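Engineer: Note that full-length UniProt numbering has the sequence shown beginning at 1, numbered continuously upward.
Simulated from the structure, these hints should not be mistaken for lab results. Computed from a predicted structure; not experimentally measured. Take these hints with a grain of salt, some might be off.
Said to hold, decoys possible - Restraint-style ranges between C-beta atoms, simulated for each label pair:
no., residue 1, residue 2, range
1, R72, L152, 36 to 42 Å
2, R29, Q155, 42 to 48 Å
3, P182, K50, 47 to 53 Å
4, K50, E19, 15 to 21 Å
Ideal Cβ positions, reconstructed from N, Cα and C, are used throughout, including at glycine.
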Amino acid sequence: MPSSSPTVAGWELVLRLRERREQLGVEVRKITDALGFSRNYWSAVENERKTLSEESLVRLLELLEFDEDDTRELLALRDASRQRGWWTRYSSLFDTDLQRLFGLEHGAESIRGYESLLIPGLLQTADYARAIMTPSVTVRRVEVDQRVEVRLRRQERLTGENPLRLTAIISEAALRQQIGGPVVLRAQLDHLARTIEERADNIEVLVIPFTAVSCGLFGAATIHLLDFANVNLPTVVWQETVSSWGIIDSVTQVRDIAISFDEARRHTLNREDSLSLIHRSTKELA
Numbered sequence: 001m002p003s004s005s006p007t008v009a010g011w012e013l014v015l016r017l018r019e020r021r022e023q024l025g026v027e028v029r030k031i032t033d034a035l036g037f038s039r040n041y042w043s044a045v046e047n048e049r050k051t052l053s054e055e056s057l058v059r060l061l062e063l064l065e066f067d068e069d070d071t072r073e074l075l076a077l078r079d080a081s082r083q084r085g086w087w088t089r090y091s092s093l094f095d096t097d098l099q100r101l102f103g104l105e106h107g108a109e110s111i112r113g114y115e116s117l118l119i120p121g122l123l124q125t126a127d128y129a130r131a132i133m134t135p136s137v138t139v140r141r142v143e144v145d146q147r148v149e150v151r152l153r154r155q156e157r158l159t160g161e162n163p164l165r166l167t168a169i170i171s172e173a174a175l176r177q178q179i180g181g182p183v184v185l186r187a188q189l190d191h192l193a194r195t196i197e198e199r200a201d202n203i204e205v206l207v208i209p210f211t212a213v214s215c216g217l218f219g220a221a222t223i224h225l226l227d228f229a230n231v232n233l234p235t236v237v238w239q240e241t242v243s244s245w246g247i248i249d250s251v252t253q254v255r256d257i258a259i260s261f262d263e264a265r266r267h268t269l270n271r272e273d274s275l276s277l278i279h280r281s282t283k284e285l286a
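Taking the hints into account, I'd like the entire structure generated from these sequences.
Structural biologist: The following block contains the structure:
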């Protein structure tokens, strides 16, 4: 099983409550009247900005006619959601969307990602990550080390007893763009190749070569499809550009992005040829 995550626990709790409410056709007004809530408060609960007290949750579960087994599970999810993930220590650095990404990532079973010009964050060296962040006009220099620390901490999900499965599609441009200069890039490519070889069971990096004539994801920046082992949890997408980022959970949008990802995969080199290209690119920097 993937690592436990308070973010994922709270998300599952809300999804199951909403699904049950809609299944039974229970109006929000009936819930707010029964629990003594305002409509705004209930909206905050369903949007994961508020956590119900145990007493209120028990009353709600009775109203929604959950059986004893489901009640125990949902109460356990509430308890788990109230724990503090390691990322909450950095709340002053990251907005709620990014903290949510860290929490979902921590509890995901697998991630399918695309990067157009960069090595994916989960596979970056500290020097490469620092080189990306240092010129930013939005990041103060004193924060850079902390942000690099967070990026490396996120990478711990790729190792351990139940590691995250990562499939990363990158453009050949990511192997050529000299982020931080040739020395930093060469060390990054060495690290990337070594990680692929050592973690072959759960990490796959596929390169779209310059010879590819088309790809639906060309023009995209950063896209992650996060998949979960729990059947109650749907796939969601993290999308990031220069000026905007956030979680996409629209079923239609997620489906379209997943289709584009699969289409992009058909334009990649295979696993072995991608690794060979990474090695060649490294040698060219010597």
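Engineer: Run every hint past the structure and note whether it holds.
Structural biologist: Hint check results:
no., hint, result
1, R72 with L152: 36 to 42 Å, "holds, 37 Å"
2, R29 with Q155: 42 to 48 Å, "holds, 47 Å"
3, P182 with K50: 47 to 53 Å, "holds, 51 Å"
4, K50 with E19: 15 to 21 Å, "holds, 19 Å"
Of the numbered hints stated above, none is contradicted by the structure.
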